[in-house]
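Order-wise, the sequence lines are chains A and B.
Each number in our numbering comes from the position in the first sequence (counting from 1) with 408 added on.
Each number in our numbering comes from the position in the second sequence (counting from 1) with 35 added on.
For the record, the hints were derived by calculation from the structure and aren't laboratory data.
You may find that some hints are simply not true.
List of simulated lysine to any residue pairs, SDA-like, C-alpha gap at most 20 Å [claimed, not checked]:
(1) A:K459 / B:K134
(2) A:K459 / B:I272
(3) B:K134 / B:F155
(4) A:K459 / B:K80
(5) A:K459 / B:P227
(6) B:K80 / A:L603
(7) B:K80 / A:G629
(8) B:K80 / A:F463
(9) A:K459 / B:V90
(10) B:K80 / A:G462
(11) A:K459 / B:S234
(12) B:K80 / A:Q608
(13) A:K459 / B:L176
(14) A:K459 / B:S128
(15) B:K134 / B:D48
(16) A:K459 / B:R289
(17) B:K80 / A:A636
(18) B:K134 / B:R289
(19) B:K80 / A:E601
(20) B:K80 / A:F606
(21) A:K459 / B:D170
(22) A:K459 / B:K163
(23) A:K459 / B:P222
(24) A:K459 / B:N84
(25) B:K80 / A:L575
(26) A:K459 / B:T121
(27) A:K459 / B:M230
(28) B:K37 / B:S128
(29) B:K163 / B:N84
(30) A:K459 / B:D48
Incomplete in silico selection of chain A near chain B, CB under 8 Å [unchecked claim]:
(31) S500
(32) Y501
(33) A655
(34) S656
Glycine included, C-beta positions come from ideal geometry on N, C-alpha and C.
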Amino acid sequence: MRTVIRIVRLYFIQAWFSYRSLFAWSTPFNYFASKFGFPFFSMLLFMFMGKFAGFTDPTFIIIGNILLLPSLNGVSGISQTVGGERQFGALSYLLASPAPRAPLFLGRAFFHILDGLITLLVALPVAVFLLGMDISSINLGPVLVCVITLCITTNGIGFIMGTVTLLSRDGWMITSSLSIAFYMLIGVNFPVEHLPSFLQRVAYGLPMTRGIMAARLALSGARWNVIAPLIGGEIVVGLIYIIIGYASFRIVERASMRSGLLDTI
Amino acid sequence: MKRNLSLFIRQMDVQLRMRTLNLYSLLLWFIQPIVFSAVGMILSKAAGNATPDLVYTVIGGGIMGMWSGLVFTSTYDIRSDRREGTLELIVGSPTSLRKIESIRTFTNVAAGTISLVAAFLVAVLIYKFSLAQADILSAILSLLVILFGLWCMGVFLANLMVWSRLSTSIVEFIEMPVALLAGFMYPISILPTWMQEISSIFPIRWGLETLREAIQGTDLNEITLAKWGISIGISLIIYLLSRLLDRRVHDLIRVTGELSSI
Chain A
409 MRTVIRIVRL
419 YFIQAWFSYR
429 SLFAWSTPFN
439 YFASKFGFPF
449 FSMLLFMFMG
459 KFAGFTDPTF
469 IIIGNILLLP
479 SLNGVSGISQ
489 TVGGERQFGA
499 LSYLLASPAP
509 RAPLFLGRAF
519 FHILDGLITL
529 LVALPVAVFL
539 LGMDISSINL
549 GPVLVCVITL
559 CITTNGIGFI
569 MGTVTLLSRD
579 GWMITSSLSI
589 AFYMLIGVNF
599 PVEHLPSFLQ
609 RVAYGLPMTR
619 GIMAARLALS
629 GARWNVIAPL
639 IGGEIVVGLI
649 YIIIGYASFR
659 IVERASMRSG
669 LLDTI
Chain B
36 MKRNLSLFIR
46 QMDVQLRMRT
56 LNLYSLLLWF
66 IQPIVFSAVG
76 MILSKAAGNA
86 TPDLVYTVIG
96 GGIMGMWSGL
106 VFTSTYDIRS
116 DRREGTLELI
126 VGSPTSLRKI
136 ESIRTFTNVA
146 AGTISLVAAF
156 LVAVLIYKFS
166 LAQADILSAI
176 LSLLVILFGL
186 WCMGVFLANL
196 MVWSRLSTSI
206 VEFIEMPVAL
216 LAGFMYPISI
226 LPTWMQEISS
236 IFPIRWGLET
246 LREAIQGTDL
256 NEITLAKWGI
266 SIGISLIIYL
276 LSRLLDRRVH
286 DLIRVTGELS
296 SI
């Protein structure tokens, strides 16, 4: 019992410290800018690109870009948190500590999931009021399930990228490239079916693709039986990424301990 | 003259090695433009167009790469000096910070043209975009006008961004909004009127319009000259503003000595 309490406490302490250093923001303005600056203006840019291409209704692009917001937490946030440990010189201590690894590692995701969820729940009404998004046929229950699932499943890539950040000082470059590639790959600005066939295979192998599809359907009123297969697929893909992320972190950690290189691995 | 040339070459060399050429620039010059161009092309295909507008989707992506690269190198130039503790040393040296920053920004702008060159090569070699109808002289002059505008904006941003530690976040409100308003990936005419009016304060917007007209074969005319004039005029105003900011930066370092503590 005591062990369980210790692990739960460690999980939440890790989560709390991770949250306090979220994106290393020091003022609300920094937080607001890093969360909404690039995503909001790039969404507008894609809206006008869509208009130029010939689409009169920007709803698809607006919804896609809003649903992408949790990836900012899940992918960039978590990998940045892990990379930050190295940058601020805390990683060696973390690796050398006897604390159990699961709460230590997974605890870094907790507030990112919450923060991503809150971001989405703020952005959706803003899109409705400011950009005139039509949600008259929304099916709220399934939408909430989709949104929560998305916020969790994005963390898998974040964990993997966190491990990459441990291995390479330029890991953030790969993370940033991946975050940019999401605009094209996972059905944010156009349906995945418009991608070349080999990229479609890549898209379906990534978290969020099915979650975004499911959320779109739920926003247009689809019922549980329609979105369930997509949500199921999203959970499976997300879990695979989380397991790979955790396993790769343990492998890299053991290698660093064995070689004594710690954060210089 | 010889001393100035030596300074120019040395500063460019240091700037390229220390700041401009890094993996993040690779992302900004190539990866981001490729993704944005690809989105533009797929959107065009999805809308049922037989071929995408290469001038906006591909070459526009190159312009975006140039701009993003400049924003993230120039805005961090003086801030990096402050962080690394070299800002006061530079100010104390006989060469003015203004001169050094001018050369650095020139290096950033010149290096960023690789993004535009790559976009042109992709358009011509892969998508067989024909330049047969293009007015090459006007295109080159338009490009020079754009580069001058970018240089003035780069010098201005480098000085502006040194004022507050919030500047890291302000960058988030500069890169995409300018790309959005200056019409990198689409014609300005599709923007709402109020946005078109705001976009007229950006010198790149005017240079881009003449560059596209030159590529599409519009001969040099009075309107082109007027747009060049507007672009150069706004660029000069921005440069003058950067001179004022530059003086304030100097005062903060020399008179009050508080810049590093901001």
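Okay, the hints, checked on the actual structure:
Using a Cα cut-off of 20 Å, the hinted pair K459 (chain A) and K134 (chain B) is violated, with the two alpha carbons roughly 43 Å apart. Among the hinted pairs, K459 (chain A) with I272 (chain B) is inconsistent with the structure: their alpha-carbon atoms are about 33 Å apart, more than 20 Å. A distance of roughly 32 Å separates the Cα atoms of K134 (chain B) and F155 (chain B); the hinted pair therefore is violated under the 20 Å criterion. Between the alpha carbons of K459 (chain A) and K80 (chain B) the distance comes to roughly 13 Å, so the proposed pair stays at or under 20 Å and holds.
Taking the CA atoms of K459 (chain A) and P227 (chain B), the gap is near 12 Å; set against the 20 Å cutoff, the hint holds. Proximity of K80 (chain B) to L603 (chain A) is assessed by CA-CA distance (about 10 Å); at most 20 Å being required, the pair is judged to hold. Among the hinted pairs, K80 (chain B) with G629 (chain A) is inconsistent with the structure: their alpha-carbon atoms are about 28 Å apart, more than 20 Å. For the given pair, K80 (chain B) sits about 11 Å from F463 (chain A) by alpha-carbon distance, which is consistent with the 20 Å threshold.
Proximity of K459 (chain A) to V90 (chain B) is assessed by CA-CA distance (about 16 Å); at most 20 Å being required, the pair is judged to hold. Between the alpha carbons of K80 (chain B) and G462 (chain A) the distance comes to roughly 10 Å, so the proposed pair stays at or under 20 Å and holds. The straight-line distance between the Cα atoms of K459 (chain A) and S234 (chain B) is roughly 18 Å, inside the 20 Å bound, and the hint therefore holds. Taken as a hint, the K80 (chain B) and Q608 (chain A) pair is honoured in the structure, with Cα atoms around 16 Å apart against an allowance of 20 Å.
At roughly 30 Å between alpha-carbon atoms, K459 (chain A) and L176 (chain B) are farther apart than 20 Å, so this suggested pair is violated. Between K459 (chain A) and S128 (chain B) the CA atoms are separated by roughly 52 Å; this puts the pair beyond 20 Å, and the hint is violated. Between K134 (chain B) and D48 (chain B) the alpha-carbon distance is near 15 Å, which keeps this suggested pair within the 20 Å criterion. Restraint check: the Cα-Cα separation between K459 (chain A) and R289 (chain B) comes to about 51 Å, which exceeds 20 Å; the hinted pair is violated.
Among the hinted pairs, K80 (chain B) with A636 (chain A) is inconsistent with the structure: their alpha-carbon atoms are about 30 Å apart, more than 20 Å. Only pairs whose Cα atoms come within 20 Å are accepted, and K134 (chain B) paired with R289 (chain B) is accepted, the gap being roughly 17 Å. Annotation: proposed proximity of K80 (chain B) to E601 (chain A) holds, straight-line Cα distance about 12 Å (limit 20 Å). Between K80 (chain B) and F606 (chain A) the alpha-carbon distance is near 17 Å, which keeps this suggested pair within the 20 Å criterion.
A threshold of 20 Å between alpha carbons decides the hint, and for K459 (chain A) with D170 (chain B) the separation of about 29 Å lies outside it, so the pair is violated. In summary, the hint linking K459 (chain A) to K163 (chain B) is not supported, as the alpha carbons are separated by about 25 Å, beyond the 20 Å threshold. The hinted pair formed by K459 (chain A) and P222 (chain B) meets the criterion: a straight-line CA distance of about 11 Å does not exceed 20 Å. Restraint check for K459 (chain A) and N84 (chain B): satisfied, since their Cα atoms lie roughly 13 Å apart, inside the 20 Å limit.
The hinted pair formed by K80 (chain B) and L575 (chain A) fails the criterion: a straight-line CA distance of about 40 Å is larger than 20 Å. Proposed proximity of K459 (chain A) and T121 (chain B) is contradicted: the alpha carbons are some 47 Å apart, above 20 Å. Between K459 (chain A) and M230 (chain B) the alpha-carbon distance is near 15 Å, which keeps this suggested pair within the 20 Å criterion. The hinted pair formed by K37 (chain B) and S128 (chain B) meets the criterion: a straight-line CA distance of about 19 Å does not exceed 20 Å.
About 17 Å separates the Cα atoms of K163 (chain B) and N84 (chain B), which keeps this hinted pair within 20 Å; it holds. Simply put, K459 (chain A) and D48 (chain B) have alpha-carbon atoms about 43 Å apart, too far for the 20 Å limit, and the pair is violated. Interface restraint check for S500 (chain A): the shortest CB-CB distance to chain B comes to about 23 Å, outside 8 Å, so the restraint is violated. For Y501 (chain A), the interface hint is violated, since its Cβ never comes within 8 Å of a Cβ in chain B; the closest pair sits about 24 Å apart.
Annotation: interface hint on A655 (chain A) violated; nearest CB of chain B at approximately 27 Å, more than 8 Å. Given the 8 Å rule on beta carbons, the hint for S656 (chain A) is violated: about 21 Å separates it from the nearest Cβ of chain B.
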